[in-house]
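Undergrad: Sequence:
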Amino acid sequence: MIKNCQECNKIFAHPTMKICQSCYNKRNQDFAKVKEYLMKNRYATVAEVSQATEVSIERINEFIEEGRLKMRPVDVVLRCAICDKKIESGRLCNECSAQVKEGSKSVKKDEDESKQEIEERITGKIHLYDEIRGRRLK
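According to the working numbering, the sequence shown is numbered sequentially starting from 3.
One or more hints might be untrue.
Here are the simulated distance ranges between beta carbons [stated by the list, open to error]:
hint : residue 1 : residue 2 : range
1    : LYS87     : LYS20     : 38 to 46 Å
2    : GLU119    : LYS35     : 39 to 47 Å
3    : LYS87     : GLN23     : 18 to 26 Å
4    : LYS88     : ILE59     : 28 to 36 Å
5    : ILE13     : THR47     : 31 to 39 Å
In silico lysine to any residue, SDA-like type, Cα no more than 25 Å apart, as pairs [said to hold, decoys possible]:
hint : residue 1 : residue 2
6    : LYS37     : ARG81
7    : LYS37     : GLU64
8    : LYS35     : LYS5
9    : LYS103    : GLU68
10   : LYS87     : GLY105
11   : LYS87     : ALA34
12   : LYS37     : ARG93
13   : LYS35     : GLU68
14   : LYS42     : ILE21
15   : LYS88     : ALA100
16   : LYS28     : GLU64
17   : LYS42     : SER52
18   : LYS20     : LYS42
19   : LYS37     : SER91
20   : LYS12     : GLU38
21   : LYS12     : ALA34
22   : LYS37     : ARG70
23   : LYS37     : PRO17
24   : LYS35     : TYR45
25   : LYS37     : GLY92
26   : LYS5      : GLU64
27   : LYS20     : LYS87
For the record, the hints were derived by calculation from the structure and aren't laboratory data.
Virtual Cβ for every residue (Gly too), placed ideally from N, Cα, C.
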């Protein structure tokens, strides 16, 4: 699939990635810098990490939201996108994440039941049509 990179707008082909390979490599280099700095300076703020590594604050916050950083800087407060509860990383708290997963399972179950009902109706109509056709042929 051909698309434009979300970061540099360059055209590239990949079925699942949203950024080109060069931007992907740059992000990984930025992440490595941030991770290395945080290993040595566990309680650094986002501003300190950004200044020391020359990685933007926005990029560092993306790493935290993606769950790539396990250590949370002291000046970042993440909140669950659903219930607004404080969280360490990611976008959802454990409770909301479990509810979303459970909801998707019930939706899948409902879809399966609906498909089965439709198949039964279709089979019934075909059977009925065959019976009617059989009567006409007699």
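Undergrad: If a hint holds in the structure, say so; if it doesn't, say that too.
TA: Status of each hint after checking the structure:
1. Here the CB-CB span from LYS87 to LYS20 is close to 28 Å, at odds with the stated 38 to 46 Å.
2. Distance hint for GLU119 and LYS35: a CB-CB separation of about 56 Å, inconsistent with the stated range 39 to 47 Å.
3. Between LYS87 and GLN23 the Cβ separation comes to about 37 Å, which falls outside the hinted range of 18 to 26 Å.
4. Against the hinted window of 28 to 36 Å, the Cβ-Cβ separation of LYS88 and ILE59 comes to about 20 Å, which falls outside the hint.
5. Against the hinted window of 31 to 39 Å, the Cβ-Cβ separation of ILE13 and THR47 comes to about 38 Å, which satisfies the hint.
6. With a CA separation close to 22 Å, the supplied pair LYS37 and ARG81 stays within the 25 Å bound.
7. Only pairs whose Cα atoms come within 25 Å are accepted, and LYS37 paired with GLU64 is accepted, the gap being roughly 13 Å.
8. A hinted pair counts as satisfied when its Cα atoms are at most 25 Å apart, and LYS35 with LYS5 does not qualify at roughly 29 Å.
9. Proposed proximity of LYS103 and GLU68 is supported: the alpha carbons are some 18 Å apart, at most 25 Å.
10. As the CA atoms of LYS87 and GLY105 are separated by approximately 20 Å, the hinted pair is consistent with the 25 Å bound.
11. Note on LYS87 and ALA34: the hinted pairing is violated, with a Cα-Cα distance of about 29 Å set against a maximum of 25 Å.
12. Annotation: proposed proximity of LYS37 to ARG93 holds, straight-line Cα distance about 20 Å (limit 25 Å).
13. For the given pair, LYS35 sits about 16 Å from GLU68 by alpha-carbon distance, which is consistent with the 25 Å threshold.
14. Only pairs whose Cα atoms come within 25 Å are accepted, and LYS42 paired with ILE21 is rejected, the gap being roughly 30 Å.
15. With a C-alpha separation of about 16 Å, the suggested pair LYS88 and ALA100 falls inside the 25 Å cut-off, and the hint holds.
16. For the hint linking LYS28 to GLU64, the alpha-carbon distance of about 14 Å falls within 25 Å, and the restraint holds.
17. Among the hinted pairs, LYS42 with SER52 is consistent with the structure: their alpha-carbon atoms are about 14 Å apart, no more than 25 Å.
18. Taking the CA atoms of LYS20 and LYS42, the gap is near 32 Å; set against the 25 Å cutoff, the hint is violated.
19. In summary, the hint linking LYS37 to SER91 is supported, as the alpha carbons are separated by about 15 Å, within the 25 Å threshold.
20. Between LYS12 and GLU38 the CA atoms are separated by roughly 29 Å; this puts the pair beyond 25 Å, and the hint is violated.
21. A hinted pair counts as satisfied when its Cα atoms are at most 25 Å apart, and LYS12 with ALA34 qualifies at roughly 24 Å.
22. Taken as a hint, the LYS37 and ARG70 pair is honoured in the structure, with Cα atoms around 9 Å apart against an allowance of 25 Å.
23. Restraint check: the Cα-Cα separation between LYS37 and PRO17 comes to about 29 Å, which exceeds 25 Å; the hinted pair is violated.
24. Distance restraint check for LYS35 and TYR45: the Cα-Cα separation of roughly 16 Å lies within the 25 Å cut-off, and the hinted pair is therefore satisfied.
25. Restraint check: the Cα-Cα separation between LYS37 and GLY92 comes to about 17 Å, which is no more than 25 Å; the hinted pair holds.
26. A threshold of 25 Å between alpha carbons decides the hint, and for LYS5 with GLU64 the separation of about 22 Å falls inside it, so the pair holds.
27. Distance check on the hinted pair: LYS20 and LYS87 sit about 29 Å apart at the alpha-carbon level, beyond 25 Å; violated.
The structure shown violates the earlier hints numbered 1, 2, 3, 4, 8, 11, 14, 18, 20, 23, 27.
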